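Participant: Read top to bottom, the protein sequences are chains A and B.
Here our numbering = 1-based position in the first sequence + 1.
Here our numbering = 1-based position in the second sequence + 233.
Hints in this document: simulated from the structure, not taken from any laboratory.
Only a predicted model underlies this, so the values are computations on that prediction, with no experimental measurement involved.
Where hints are given, some of them may not hold.
[As the list claims (entries may be wrong)] EDC-like, lysine to aspartate or glutamate: derived pairs with alpha carbons at most 20 Å apart:
(1) B:Lys367 with A:Glu191
(2) B:Lys288 with B:Asp249
(3) A:Lys109 with B:Glu323
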Amino acid sequence: MTTMTTITHPASPPATALQDRVGPLDAARHILTLAWRSLVQIRHNPMELGDLSLQPLMFVALFAYVFGGAIAGSPKAFLQFGLAGIICQNALFLTMNTGVAVNTDITKGVFDRFRSLPIARSAPLAGRIVADVVRQLWSMAILLAVGTLLGFRFHTNPVSVLGAVVLLVVVAGAFSWLPVLVAMLVDEPEKVMMLGFVVVFPLTFASSAFVPVSTMPGWMQAWAAVNPATLLVDAVRGLLVGGEVAAPALGALAWAAAIGAVCAPLALRAFRRRS
Amino acid sequence: MDNTIEAHGLVRRFGDTTALDGVDLAARTGSVLAVLGPNGAGKTTAVRILATLLKPDEGRALVGGYDVVAQAQQVRQLIALTGQYAAVDESLTGIENLLLIGRLLGQSRAGARGRAAELLARFSLADAGGRAVKTYSGGMRRRLDLAASLVGRPRVLYLDEPTTGLDPRARSELWEVVRALTSDGVTVLLTTQYMEEADQLADDVVVIDRGRVVAVGTPGQLKAQVGRQVLTVSPVSAADVPVVARVVTDLSGAAPEVTPEAVSAQVSDPRLPQAVLQRLTEARVAVAELSLRKPSLDEVFFALTGHHAVDEATEPDDDRSAA
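My request is simple: use the sequences and hints to build the entire structure.
Facilitator: In structure tokens:
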């Protein structure tokens, strides 16, 4: 780097006076720039591209063709029941990526750099949220498209489908405070992924996601009935193919609110301690 | 304004430990202030407070005349921070990292592109600019990290142990960058464990130990403050070392430090070297080397704090060094 010594750095003071606050337009721009950054990462990260696109595709195909016949008689019949479950499981799994990304930013010092910039205080977090919503929508779109291709049919109206999408985004958003909390407590991003296996797998499989709860042993039925994943799956299923919506949707939202209310303050407290 | 950075009585506690226990700092505009101290002395805590990342429990700090707590937003428009670890996004390319910072600082798309290209070229990263940073060597990451700090043309640059783990060549290259920046009027505050670094770069040095300032001054003043000069004599034949030691003890009146090859002693009487040489000539001892030097900053540090600045455990690790 022989050219390093030629660096120039004009000494003139900034032409404009320093601002004492960030305007709302600037804040929006910061948020979008940071969201762009989170999404552009995907391009250089084949693993994440797989998480977002390939994994949902494989899950739909494997569940439909491997278990479909045994569970529901045919792949098509299974999808009618199970696609809602696959979508919910996928949405909860994606929140692990949020935790991984937050942990990486903190341990690598990227977060400190953002915080030392004259940008809106909320921008790093809000940018992350915007990017995560885009990720969620992207993989839901793939799941619904692949499902439809393999025989799934909507039995409700577009407003209900939109309702399902909004419900999923809201619940996943609140749920993501759990991986974010873990991200604040552990020293390596990989450890956040562990949470996916010890929490999301049991949560979603011991629910109404893939099989009717009535086929499970009694003790598991008791758990499955109050399991937040069951409530979310039932509501989404109702919104996509018909059935009861209000009660499970409210239950899922209550769980989401509870998880967010517990984990968010703890995560912020852990973050303050860490810095 | 004389001092771009001014801190008074900074105190910061973490639970039961007091990381900073009343630290005063001042850096003149366009100068390099080195904050020198061992691991855990409180250097990073001080930098984090001055970079608005941490609030002090007590005390006050001004950067460019702005209060780091009450006017943090203004301070952030003046500063840039390069930490001990390269704070760049490994999933992005070099260009994308610099574009991200430029856009966040309100540069236009074209302006940010231009600045990114300029900085990549200056830090010899032009060829690697399109590659994801995770493929970079440790040295390349550190250069990109510094480039990212310069995107917004900061008036104040904090470098938190910028050369820890760098090989000597990369280290002296970074020193060149710092010198060029200060000649453009940038004020640099750098923390270091290396005496040589402070000696090479700093206009002023603040030595801190266990959260307290133990000495302040120019590198020369610090050396003079502790510093009687050190006389070192090496005979041609190692067998003569005991003779040399006896002569030096006789003349200086104190026990010298003796190694297998040489004898060293602090000098208070300026006539001592000549007297030693004369006695050795009479004793027919051939002298290979006789030197008189100021104490190194490491010796200064030892004299001020009672322990050495760098212990074995904190030596730089190799995996971060430049390729």
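Participant: Hints first: check each against the structure and report whether it holds.
Facilitator: Hints and how they fare:
no.	hint	result
1	B:Lys367 with A:Glu191	holds, 16 Å
2	B:Lys288 with B:Asp249	holds, 17 Å
3	A:Lys109 with B:Glu323	holds, 9 Å
The structure is consistent with each of the numbered hints, conforming to all of them.
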